[in-house]
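Make the full structure from the sequences, and use the hints.
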Amino acid sequence: MTLVIDLLLNPTIQAILKILVIVLGFVMLTGTVLTLMERKWSSAVQDRIGPNRANLGRWRGRGTLHLAADAVKSIFKEDTIPQDADRLIFAIAPFFSLFAAMVVWAIIPVAAPIGSFRFQITDVNIGFLLVFAVTSLGVYGAVLAGWSSNNKYAILGATRSTAQMLSYEIFLGLSLVGVFMVNGSVTVSTIVANQGQYWFGDVIPKWGVFTQPLAFLMFFTAMLAEMKRLPFDAPEGESEIIAGYFLEYSGMRWSAFMLAEYIAIVGSAALTVTLFFGGYQVPWLHGDGFELFGYLLPLPLFIVTALQILAFVVKVVFFCWLVILIRWTVPRFRFDQIMELGWKKMLPLALANMLITAVWLLAWDHWHL
Amino acid sequence: MESQRHLKPLDFGSEPMTIELGPQHPAMHGITRFRCQLDGEVIEKMEADIGYLHRGFEKEAENTTYINVIPYTDRLNYVSPLINNVGYVLAVEKLFQVEVPRRAQYARVIMSEISRITDHLTCNGASAMEVGAMTVFLWFIKAREHLWELVEEVTGARLTTNWTRIGGNANDLPYGFLTMLDERLVKVEEALNEGEALILRNKIFIDRLKDIGILSRERAIEHGFTGPMLRATGVPYDLRRADPYLVYDELDFEIPVGTVGDCFDRFLVRQEEIRQSIRIIRHAVEKLPPGDFHCRDRRVWMPDKYEVFNSIEGLIDHFKIVMEGPKPPPGEAYHAVEGGNGELGFYVVSDGSGHPVKCRVRPPCFNYVAAVPEMTVGHYVADIVPIFGSINMIGGELER
Amino acid sequence: MSEDSAKPSAPETAPDAPAAPPAPEPPPLTRLLQEQFGERVLGHHAQHGDETVSIRREGMRDVFAFLKRDPRCAFDLMIDLTAVDYLPRTPRFEVVYHLKSLTVPHRLRVKVPVEAQAPEVDSIRELWIAADWYERECHEMYGISFKGHPNLKPLLLYDGFEGHPLRKDYPKGRQQPLVPMRPVKERYDYGERFQPVEHPHTPAVTLERQES
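Protein chains in written order, with my numbering: chain X, 200 to 568; chain C, 78 to 477; chain H, 120 to 331.
Treat the hints loosely; a few may be bogus.
Computed cross-link-like contacts, SDA-like style, restricted to lysine to any residue with a CA-CA straight-line distance of at most 25 angstroms [said to hold, decoys possible]: (1) C:K287 <-> C:T336; (2) H:K187 <-> C:R318; (3) H:K272 <-> C:L115; (4) X:K543 <-> C:G117; (5) C:K404 <-> H:R286.
Stretch-level coverage of chain C by chain H, calculated; a stretch enters the list once three of its residues show a Cβ under 8 angstroms from a Cβ in chain H [said to hold, decoys possible]: (6) 125 to 133; (7) 249 to 263; (8) 303 to 316; (9) 366 to 376; (10) 405 to 414; (11) 436 to 443.
If you are wondering where the hints come from, they were derived from the structure by calculation, not from laboratory data.
Just so you know, these numbers come straight off a predicted model, no measurement behind them.
All C-beta atoms in this analysis are idealised placements derived from N, C-alpha and C, irrespective of residue type, glycine included.
Printed below as a string of structure tokens:
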């Protein structure tokens with residue numbers, strides 16, 4: 200028995216368990232369900248029913264069995280590699296995308312820390328910088344896939360995706376500089392904890408979206424571009440270059456790309472929530488219960504934690520829904536328009552945001568200290 | 078932006094890339110093939126290659142009777158089949174010099190305009206989808222479904238309508254059709270408004286289509302453009318006003334005209350034409366006179382069954398029309414109707430027998446596809462698709 | 120006689136029937152062309168309201184240039200270009216042009232009779248660029264060559280197609296020989312810079328392909 204407790208107290212084992220629970224339990228599940236929900240939500244927007252045919256005997260489950268059906272189909276599909284393709288790179292390219300999509304979850308907290316136990320896999324003090332450094336490797340996924348496919352459409356898609364992802368990573372980082380300035384650190388737990396504070400005496404939570412609204416908009420746009428979602432899905436052209444960089448992929452490899460994309464959606468939703476919407480914070484929920492205007496509703500600790508996890512999940516799902524809704528609403532940018540939007544409009548805005556934030560903080564410190 | 082497209086790249090010893098927007102492509106309506114030479118993403122040269130849907134309409138028409146050609150005409154512009162039916166039959170009626178009753182003419186106008194709406198809805202919906210707004214496409218298709226149901230009420234089929242006959246129509250507008258028409262037009266307008274609200278003022282959509290694929294007015298005329306493409310460049314030429322046929326001179330409608338001649342203008346012209354068509358239909362329904370749906374000319378119309386079975390003249394007339402086809406006097410006639418795409422002309426030559434000597438379709442989108450390379454060179458790869466979508470190339474009509 | 124030679128007639132040659140009525144006054148456009156080009160206008164009619172003239176093949180380009188540029192004609196829109204095969208009759212083919220003016224409200228049909236041996240007419244591509252593809256199609260369907268057209272490759276038919284299908288002596292049910300599968304590798308042979316007119320694996324269509 201003590202062995203089990205010793206194991207559980209070992210931070211490495213804890214990290215592994217957290218990975219299993221968060222990544223396998225929540226992220227993979229949500230990502231997979233999101234593939235179905237995209238089709239269902241898109242059909243709701245488009246006035247149709249969506250997939251509802253996969254069945255086990257008479258039970259259809261309103262389309263949920265399509266997840267299993269898709270998985271089975273992908274596994275059994277022939278794994279085609281084009282004739283003159285670079286086989287090694289063709290094989291490993293999807294995993295760059297998957298890796299980049301999943302590594303985001305290393306630092307996302309899902310609930311407030313209890314004592315010294317943190318509900319995040321790791322809390323490195325460079326926090327977000329680590330994540331953005333590693334997700335840059337996601338560019339390789341698209342590029343290597345396109346290049347190794349020996350197909351001109353794929354190369355066009357790969358070229359576009361390189362330029363797009365590299366450019367928008369810059370704006371991603373720049374738009375967050377304001378957030379880091381306001382919070383004074385890049386450590387994730389600090390940023391989330393700061394969003395638990397309130398203005399005007401415990402009424403309005405200090406969420407990132409209120410302190411840095413412009414940064415939120417830019418961050419969201421840049422995340423859409425990073426994930427190559429509409430309106431920024433020129434690398435995946437669809438009507439122009441058919442599927443762009445993953446044109447020649449089929450079966451399980453294609454599923455890997457699709458899964459990477461949906462996990463990236465969940466991941467970017469989680470990042471947005473963590474940075475701008477308080478992460479796991481529920482408004483007016485403190486460690487000992489709800490507290491507003493002096494009224495206190497006491498709650499045991501595990502209820503508070505459960506509420507926080509629930510709040511986190513709800514917020515993440517809301518942003519996934521928003522990303523999917525945007526896809527089915529707006530048309531697609533042309534590639535040079537994406538570049539123009541980024542470099543001519545977002546860069547000045549990001550710099551302006553930094554400047555205004557800096558000035559504001561200095562003024563605040565100067566006059567209110 | 079214009080000037081930047083023609084900047085020469087630095088000479089790295091690179092070579093241009095040739096891609097084929099090949100016959101199988103999600104955005105080549107039907108099947109067309111474009112071979113493009115790219116410099117980065119800018120198109121330097123482009124060549125169009127068609128002929129994947131050539132089915133030999135003219136050869137078939139020469140080997141069959143005048144009436145039997147009508148089902149073939151459905152399959153020409155298969156998103157507006159009734160306009161093809163009407164066009165062909167008008168040309169043959171010109172040869173015969175038969176008088177079509179006014180009710181049949183009004184019915185033809187109503188059905189033609191319904192077909193025109195379906196054509197434009199398809200074209201604009203597909204344009205929107207190719208630019209990325211897939212929702213709008215599905216909403217327009219939903220609207221189009223209402224119209225197909227109307228067509229099905231009257232003709233029995235959604236696409237293979239085969240409804241007009243020489244001298245009239247196959248059947249009259251059925252009972253209850255006009256009420257259904259009213260209801261469905263309201264729903265079409267709703268879907269149209271919703272779709273427009275989503276994309277028409279959307280900056281992304283406008284940026285994708287504005288100033289893309291511009292062809293000046295003079296060049297368009299030299300290329301033989303007619304229809305919405307020519308109207309988008311600013312020429313108010315509409316066959317329904319210039320050479321009125323059927324009863325268009327008694328109906329009031331306006332001709333939407335663009336200014337620049339880019340893809341956005343074409344999109345807007347088609348949108349407005351849908352609304353004008355709805356206006357025409359409503360006006361025609363008001364003015365619909367009672368009467369017969371077919372002229373009773375025995376040269377072209379089979380007699381009633383009572384006569385066929387009870388009189389020898391009826392039997393012989395019926396037999397001759399079925400076996401040898403109606404026989405127009407020798408001559409030639411060209412009649413053009415305003416199709417969804419432009420001037421759809423039928424040139425029929427007769428030598429007095431039941432088979433046409435020549436039955437030529439003048440396809441409106443032939444000229445447009447021939448002009449696509451000229452319109453696209455200098456733009457980006459991503460612009461091929463909006464340009465090609467704005468043309469409304471229908472494979473059946475292009476290649477017959 | 121000017122009327123009959125332009126109209127397609129019934130196969131049985133009806134001799135001149137009793138006292139033909141006096142030929143009506145030719146319409147103004149026809150009169151204009153007759154004044155300008157005199158005996159190059161072979162015939163005319165205005166059956167069913169479609170004004171039609173037949174002109175001689177030689178010098179047809181001048182006639183078309185006149186039709187396009189003269190402000191009284193002003194035919195800026197070339198509507199259609201096709202050919203008709205009247206097989207037992209000579210001249211066998213007739214190339215038919217439909218023209219329309221956007222400024223003056225009139226249309227015209229121009230017919231150019233062409234005989235069966237070495238059927239050739241001038242190309243009007245420099246006048247109306249629209250004629251480019253129409254002439255290609257007419258050439259592949261009938262075998263009529265258009266002098267001066269730079270690229271008379273088949274448009275609608277695939278390469279390997281033998282014959283001219285819209286001719287009356289081409290039976291509708293004729294089977295074409297099967298075209299062998301072209302090897303894929305050839306397609307990626309970019310030895311030289313891309314030549315847009317001649318695709319690597321399409322044999323050049325020569326104009327000797329006239330007699331079927």
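Give me the numbers of the hints this structure contradicts, sorted from smallest to largest. Hint check: 7, 9 fail, others pass.
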